[in-house]
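Residues in the sequence shown are numbered consecutively from 2, following this note's numbering.
Any given hint might turn out to be false.
Claimed, not checked - Lysine-lysine pairs mimicking DSS-like chemistry, simulated, CA-CA at most 30 angstroms apart:
(1) LYS118 - LYS82
(2) LYS118 - LYS105
(3) LYS118 - LYS83
Derived from the structure by calculation, the hints contain no laboratory data.
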Amino acid sequence: MREDEIKTNPRILLVEDNPAESRLIREIFKGFDPGCIIVSAKDGVEATDILLRDKDTNFDIIILDLNLPRKSGLEVLSEIKKDTPASGIPVVVLSTSDSETDIKRSYELSANCYITKPAGLDSLIDAVRGIDNFWLVLSKRMH
Numbered sequence: 002m003r004e005d006e007i008k009t010n011p012r013i014l015l016v017e018d019n020p021a022e023s024r025l026i027r028e029i030f031k032g033f034d035p036g037c038i039i040v041s042a043k044d045g046v047e048a049t050d051i052l053l054r055d056k057d058t059n060f061d062i063i064i065l066d067l068n069l070p071r072k073s074g075l076e077v078l079s080e081i082k083k084d085t086p087a088s089g090i091p092v093v094v095l096s097t098s099d100s101e102t103d104i105k106r107s108y109e110l111s112a113n114c115y116i117t118k119p120a121g122l123d124s125l126i127d128a129v130r131g132i133d134n135f136w137l138v139l140s141k142r143m144h
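Make a model of the complete structure from these sequences and hints.
In structure tokens:
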């Protein structure tokens, strides 16, 4: 195996204010890839602090809820997709909102994908499996 083919453990920034959902999503990702590293942010301010103030941009993907306290997911998206070191990190919006306005605005702010968070456990597992498979297995990303 060449040096550039060495697989590293994927790093995920999970921005989710609901502790139970955050824990569940973390467990699902860990079930697919036990070596993945998941950093959690419980609100939009914490997410932008991690990405912009601490300049921790070594993430393979950001999973972003829209309905967050202190700073909405749309505000986070707007800030990090401007000309910042974090702007190249793929952002998957995973939100309970299925509002056309939220979907349209997310894409206008350069979200890479928008998924309406499913209500049932099996559907959530399928959604996270899809995120994991596409964004962390199939897609190539520059580091």
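Evaluation of the provided hints:
1. LYS118 - LYS82: holds, 22 angstroms
2. LYS118 - LYS105: Roughly 16 angstroms separates the two Cα atoms, so the pair holds.
3. LYS118 - LYS83: holds, 26 angstroms
Violated hints are absent here; each numbered hint is respected by the structure.
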